[in-house]
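Trainee: This is what each chain is made of:
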Amino acid sequence: MPRRLQRRAARREAVFAWTLVAPVILWLGATLVYPLVSSLTLSVENVRIIGSAGRFVGLDNYLSILSASAFWLALARSVVWVVGNAAIQTVLAMVSALILEQTFPGVRVARTWIVVTWIVPTIVIVIVWRWLLSTSGGMINPLLIALGLISQPVGFFSSATSAMTSLMLINSWRWFPFIAVMLLAGLQRIPNDLYEAAAIDGASRFARFRRITLPLLQPTLFVLTVIGTLLSFNVFDIVWLLTGGGPADATTTLPILIYRTAFKGYRLSEAAAMSVVATVLLMGLALLAVRTLAPGEEDR
Amino acid sequence: MRRSPGVNLALAIGLAFLAIIALLPFWWVISSSIKATNEIVSTTPTMVPHSFTLEHFAKLLTSSDYPRFLLNSLAVSAASMAVTVVLAVLSGYAFFRLRFAGRDFLYRAILLAYAFPAIVVLVPLYGMMSAVRLIDNLFALVVINVTFAVPFAIWMMRAFLAAVPLEIEEAARLDGASRLTILRRIIVPLIAPGIASVGIFAFISSWTEYLFASVLIQSDANKTIPVGLAGIIGQYQVDWGLMLAGATITTLPVVVLFFFIGRYFVAGLTAGAIK
Amino acid sequence: MVAVTLRGLRKRFGAAEVIKGVDLEFAAGEFSVIVGPSGCGKSTLLRMIAGLEEVDEGEVRIGERDVTDADPKDRGVAMVFQNYALYPHMSVRQNLSFALEMARRPKADIDAKVCAVADALHIGELLDRKPSQLSGGQRQRVALGRAIVRDVGVFLFDEPLSNLDAALRVAMRAELARLHRELRCTIVYVTHDQVEAMTLADRIVVLQAGNVMQVGAPLQLYHRPANAFVAGFIGSPRMNFIPVEVASVGPDGATVSGPELPPTLAPTRVDGLAPGDKATLGVRPEHLNLPTEGATAIEGVVELVERLGRETGVRVRTASGLALDAIVDGAATVAAGERLAVGFRPDACHLFNAEGRALERRFAPQIVDAPPRPDVHPLAASATIASRSEQ
Numbered sequence: 001m002p003r004r005l006q007r008r009a010a011r012r013e014a015v016f017a018w019t020l021v022a023p024v025i026l027w028l029g030a031t032l033v034y035p036l037v038s039s040l041t042l043s044v045e046n047v048r049i050i051g052s053a054g055r056f057v058g059l060d061n062y063l064s065i066l067s068a069s070a071f072w073l074a075l076a077r078s079v080v081w082v083v084g085n086a087a088i089q090t091v092l093a094m095v096s097a098l099i100l101e102q103t104f105p106g107v108r109v110a111r112t113w114i115v116v117t118w119i120v121p122t123i124v125i126v127i128v129w130r131w132l133l134s135t136s137g138g139m140i141n142p143l144l145i146a147l148g149l150i151s152q153p154v155g156f157f158s159s160a161t162s163a164m165t166s167l168m169l170i171n172s173w174r175w176f177p178f179i180a181v182m183l184l185a186g187l188q189r190i191p192n193d194l195y196e197a198a199a200i201d202g203a204s205r206f207a208r209f210r211r212i213t214l215p216l217l218q219p220t221l222f223v224l225t226v227i228g229t230l231l232s233f234n235v236f237d238i239v240w241l242l243t244g245g246g247p248a249d250a251t252t253t254l255p256i257l258i259y260r261t262a263f264k265g266y267r268l269s270e271a272a273a274m275s276v277v278a279t280v281l282l283m284g285l286a287l288l289a290v291r292t293l294a295p296g297e298e299d300r
Numbered sequence: 001m002r003r004s005p006g007v008n009l010a011l012a013i014g015l016a017f018l019a020i021i022a023l024l025p026f027w028w029v030i031s032s033s034i035k036a037t038n039e040i041v042s043t044t045p046t047m048v049p050h051s052f053t054l055e056h057f058a059k060l061l062t063s064s065d066y067p068r069f070l071l072n073s074l075a076v077s078a079a080s081m082a083v084t085v086v087l088a089v090l091s092g093y094a095f096f097r098l099r100f101a102g103r104d105f106l107y108r109a110i111l112l113a114y115a116f117p118a119i120v121v122l123v124p125l126y127g128m129m130s131a132v133r134l135i136d137n138l139f140a141l142v143v144i145n146v147t148f149a150v151p152f153a154i155w156m157m158r159a160f161l162a163a164v165p166l167e168i169e170e171a172a173r174l175d176g177a178s179r180l181t182i183l184r185r186i187i188v189p190l191i192a193p194g195i196a197s198v199g200i201f202a203f204i205s206s207w208t209e210y211l212f213a214s215v216l217i218q219s220d221a222n223k224t225i226p227v228g229l230a231g232i233i234g235q236y237q238v239d240w241g242l243m244l245a246g247a248t249i250t251t252l253p254v255v256v257l258f259f260f261i262g263r264y265f266v267a268g269l270t271a272g273a274i275k
Numbered sequence: 001m002v003a004v005t006l007r008g009l010r011k012r013f014g015a016a017e018v019i020k021g022v023d024l025e026f027a028a029g030e031f032s033v034i035v036g037p038s039g040c041g042k043s044t045l046l047r048m049i050a051g052l053e054e055v056d057e058g059e060v061r062i063g064e065r066d067v068t069d070a071d072p073k074d075r076g077v078a079m080v081f082q083n084y085a086l087y088p089h090m091s092v093r094q095n096l097s098f099a100l101e102m103a104r105r106p107k108a109d110i111d112a113k114v115c116a117v118a119d120a121l122h123i124g125e126l127l128d129r130k131p132s133q134l135s136g137g138q139r140q141r142v143a144l145g146r147a148i149v150r151d152v153g154v155f156l157f158d159e160p161l162s163n164l165d166a167a168l169r170v171a172m173r174a175e176l177a178r179l180h181r182e183l184r185c186t187i188v189y190v191t192h193d194q195v196e197a198m199t200l201a202d203r204i205v206v207l208q209a210g211n212v213m214q215v216g217a218p219l220q221l222y223h224r225p226a227n228a229f230v231a232g233f234i235g236s237p238r239m240n241f242i243p244v245e246v247a248s249v250g251p252d253g254a255t256v257s258g259p260e261l262p263p264t265l266a267p268t269r270v271d272g273l274a275p276g277d278k279a280t281l282g283v284r285p286e287h288l289n290l291p292t293e294g295a296t297a298i299e300g301v302v303e304l305v306e307r308l309g310r311e312t313g314v315r316v317r318t319a320s321g322l323a324l325d326a327i328v329d330g331a332a333t334v335a336a337g338e339r340l341a342v343g344f345r346p347d348a349c350h351l352f353n354a355e356g357r358a359l360e361r362r363f364a365p366q367i368v369d370a371p372p373r374p375d376v377h378p379l380a381a382s383a384t385i386a387s388r389s390e391q
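Protein chains in written order, with the numbering used here: chain L, 1 to 300; chain U, 1 to 275; chain E, 1 to 391.
Be aware that one or more of the hints could be misleading.
Only part of the chain U face toward chain E is listed, based on derived beta-carbon distances under 7 Å [unchecked claim]:
id : residue
1  : Ala171
2  : Arg173
3  : Leu174
4  : Gly176
5  : Leu180
Worth flagging that the hints you see were computed from the coordinates, not collected in a lab. From the three backbone atoms N, C-alpha and C, an ideal C-beta is built for every residue, glycine too.
With the hints as constraints, model all of the structure from the sequences given.
Mentor: Next up, the structure:
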């Protein structure tokens, strides 16, 4: 008997599936793929102002940006930014998730208000912290003085290290609840029986965390860290609105540099070249993430 | 398992710490937005307001374009949410429940969207929108917001879809339901928490989006809140009261939304994972 | 009611062939049970009939129609799933009416049908509840009702009783038998439990590793198993197998002997057997007893005693390590550690050749297939059962 039967039913399923994914493909194709290709062409021309024409200049833009220290410094700052954010967010999110997983009065409510810093628009975050950290009327300085940690009000955004640190803390504060909720989901997937069996076997709380929780959470943790890294690399608005990249370029991460080059420096093609380089770097990281996120054998 | 008092104490301290860092800043902002200006900027800040005034809110709502920004943001976010949900549900079902050639590759490719800095697409998209005359049109923002929300939204659908047993779909097929009917009458009702979660995620992402809104919208009348509020702040030199009032009102819709659907969102995210 | 015919069915999962050329006919109005150990392919076979699994080679016919290519919804079959697969977000009433809605029947018809079925299954008071509010047994009935409401030609059951507790299982078995008597429907029922098979089936198909081992009425399989696998699968506790060697063959049967077994005449046909061949003697535990006159006896040490009141299960371990299970009288006084001899009458034994094929027993009851019921649909007039399995 021929195998035509398999193809007929499978084809019906495939056709239906394709009609379902077609809208997404088209949408993302138009809004992502096309601009990406466009950026590539832009990067090998010499366009300066948006809308103006340019001619082909080969790899000139790439050469000039890769030889400029501004690019490498911005990239270095981006790395610092990403690593710092990942560290702070992971720790905060992990601690929160562990706390929120327990049962105690008020935990249900806690699981809801914990995300408030994430649901609030960035502009509000900016306003909140610009005010809190300001030297006139802000709450933080007087608080720190009252606690005896400092003697004089500190300008949080006035020095290079404190500006970068403050930004990282603020950004982490904003994003950690989202990661915490995802981690919470992962924690709840671990069956309670395992903990009970371990307790009977004599494992302390810490041992149970180290030998059961961490290993079973590891895939989720890994995926979230990678996604978090990708997303934090791209953070633009918090940095731009709080420090504008300053003081004196101290917080000019790569997205800031690209934005400034394109819209303030009117050197569009250079900005495009920088974007392409950044994309290539991120791609490598993303491929790693995607291999862990993609559907495995469990799906039909 | 009983917890030792030591652990209970640590838990309480931890929770208090979380409450302080998450909520206290907002308390400060909201409570200060009704203070008189001199109290706001005084060098000795107060936890509980000593004065009371609604002048900042009045100023914000009457002599600035804020109400307009609010409406624009609501429209854009609602539309982005609707489109994202539809796209995520349809393609999520295809990726996680159907078999077709190129499925895995396509899914990975879509997730790869996050590898690209938004900056990369910013300029070309500007050019594109300009060509189709969508500059300064709110619809352009909807397009962008959906693009950046959809990949993660599809990923979110996965756990929710996995919780629906395959047998139920098979039973429906035997009962004579077409594939579309199964999707509409069986799958969608059963993944309602997932849909709500995706919707909230998309709404919030749109509500807060700044970069594209600042570049693609030019006239004041069409600005969304993030851009408009940033503009107001720049305009009035350090008018803290106005700023705080703006922050308070901007926070309100999402907090209210969350107050009602919030626990479904969190419960949905966590319960959707339990098979 | 219609018949189901399978011809040359094959199915592969990846590199492994799970259904290896199956030919079966399920007569109209008959309760057929496919039974076999886990992994034998019985569920896959059922799903191929339903259209939920694709057929790699072969043909599925329902009634006269070739449905191999058809969508599940066009095959006219109803299925009861192991986990019931009730729609959790719909009430019982909506669950029952769903299929009829899909068929675009008028509302009045649907309501009438749903009520009738609910009454027949005693779930009338549950119509407005959701599945999560029902007990296991109630959910089972709703799953059953969902199938019955559709007026189809064939009912497929995929291990429907495995999720129920023992008492419920017995009750549901009776329920299913009654339903079959009343509806005279064609049923194809899959289970791993041979007790269900024996009690419910008009005909049993024993499947192993994708191959049909034997097809026949329950008692036929009990008295005349075609091979050692069927002999060991049907009947609980499992048949005892004693390795023997053929000493001589004759018109009365084959004389065999084993290390502890004195020469015994097994009254079977002897085609293909020669002295010196290795063979297996099979005796069911219910035929092993404390030895009487004229019985062959084997000695050993009692290893296990299980008293059930009405009977006592005894396991005896012989010197060569062979374990023999016997069912003896409930009042028998045996204790673990004792030496005990168990015996059987020669006409109770089965003989299998070196390949496991049974030699035909001369004195076992011959069970003919039940005559076709006169009120069965004329289309299913072919009540003869053809069963061939590819080697």
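Trainee: Now, for every hint given, state plainly whether the structure supports it.
Mentor: Here is what the structure says about each hint:
The interface hint given for Ala171 of chain U is met, as the beta carbon of that residue sits about 4 Å from the closest beta carbon of chain E, less than 7 Å. Checking Arg173 of chain U against chain E by beta carbon gives a least distance of about 5 Å; that is within 7 Å, so the hint holds. Taking 7 Å as the C-beta cut-off, the interface hint given for Leu174 of chain U holds, the closest approach to chain E being about 5 Å. For Gly176 of chain U, the suggested interface contact is upheld, since its CB lies about 4 Å from the closest CB of chain E, less than 7 Å.
This hint is violated: Leu180 of chain U has a C-beta 12 Å from the nearest C-beta of chain E, more than the 7 Å allowed.
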